[in-house]
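Enquirer: Sequence:
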Amino acid sequence: MPPAPAFDYYETLGIGKSATTEEIKSSYRRLALVHHPDRNPDNIDESTAAFQRIQIAHETLSNERSRAIYDARSSRRSPIDDDEYGNEEDVDFDDFMHDFSREPFGSHSGGPSSRFFFDGQRFAFYCPLDMDPDEAWKRDQEEQEAAKAAWRKRMVNEVRRRREAEEARAKAREAARAAEEREQTLAKERRAQAEKVRQEALWAQSKATTQAEKQGSCLHSAFCAKEKSQKKFKCTSCGQKRGMVGHRCPYCSLLICQVCLNGIRQSP
Numbered sequence: 003m004p005p006a007p008a009f010d011y012y013e014t015l016g017i018g019k020s021a022t023t024e025e026i027k028s029s030y031r032r033l034a035l036v037h038h039p040d041r042n043p044d045n046i047d048e049s050t051a052a053f054q055r056i057q058i059a060h061e062t063l064s065n066e067r068s069r070a071i072y073d074a075r076s077s078r079r080s081p082i083d084d085d086e087y088g089n090e091e092d093v094d095f096d097d098f099m100h101d102f103s104r105e106p107f108g109s110h111s112g113g114p115s116s117r118f119f120f121d122g123q124r125f126a127f128y129c130p131l132d133m134d135p136d137e138a139w140k141r142d143q144e145e146q147e148a149a150k151a152a153w154r155k156r157m158v159n160e161v162r163r164r165r166e167a168e169e170a171r172a173k174a175r176e177a178a179r180a181a182e183e184r185e186q187t188l189a190k191e192r193r194a195q196a197e198k199v200r201q202e203a204l205w206a207q208s209k210a211t212t213q214a215e216k217q218g219s220c221l222h223s224a225f226c227a228k229e230k231s232q233k234k235f236k237c238t239s240c241g242q243k244r245g246m247v248g249h250r251c252p253y254c255s256l257l258i259c260q261v262c263l264n265g266i267r268q269s270p
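According to my numbering, the residues represented by the sequence shown are 3 to 270, in order.
These are computed hints drawn from the structure, not numbers from a lab.
As the structure is a computational prediction, the values presented were derived from the model and not from experiment.
Glycine residues also receive a C-beta, built at the ideal position from the N, C-alpha and C atoms.
Hints may contain errors.
[To be verified] With a Cα cut of at most 30 angstroms, we get these calculated DSSO-like pairs of lysine-lysine:
1. LYS209 / LYS173
2. LYS243 / LYS230
3. LYS198 / LYS173
4. LYS190 / LYS173
5. LYS243 / LYS198
6. LYS155 / LYS27
7. LYS150 / LYS173
8. LYS233 / LYS243
[Said to hold, decoys possible] Between beta-carbon pairs, the in silico distance windows are:
9. VAL247 / GLU160: 48 to 58 angstroms
10. GLU169 / SER255: 45 to 55 angstroms
11. ARG200 / SER255: 14 to 24 angstroms
12. GLN260 / THR212: 23 to 33 angstroms
13. GLU176 / LYS27: 34 to 44 angstroms
With the hints as extra help, turn the sequences into a complete structure.
Expert: Structure follows, in structure tokens:
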């Protein structure tokens, strides 16, 4: 005959046998979050098995009738030891199973063409009269295993699908970031080129040819190179003494301060 449940439902949920419905529900929700396969992609098989045990325990203990059956099954002595049946050799197996299935399972009888048996995982299964109970139980177990395997496969595929979707989103974000950086680089190059053309046009208009003449009419570049001095320097644009870090103009080679550079960059 089928074995008793392979694990303790109360221990699986981490609760006592006197736990209330709310305590059962609370423990289930907490453990389901911890052991859900989606949260354990590197340990799918183990988390799936734990998650299934948690589900079985919750489905059983959260239902009053199923819980009563489970509690009775867990604490029941072998019916063969009861006075009602006497010694083992005096027991008629069909009579025993009929009495056993009548309460509390009588309302779920399989009818005159089947018999009713107890299974440690699903509590009950029906066996046709023309089939051996062990064969019926074996078939029932095979169906359960097939259902579990199908569920596990769906979970693995779902985890894989979500991971691939997240990877695709990450690649899309990276591509968008790279495209934005390229556009910023191109915009900077276009502005620098326009700035250079404007500066050369001004020098041509003012007929500035010497370094001193060019320095006197330089608009200064928005793309000056940062340069650290040994002491405070005087800005050649505003004439104010600033800090020790200046910015060297690529056109006139003079140092300008950060305040003047910010003004240049903010100009159209």
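Enquirer: Let me make sure I understand: some of the numbered hints might not hold for this structure. Which ones are they, in numerical order?
Expert: Hint check: 1, 3, 7 fail, others pass.
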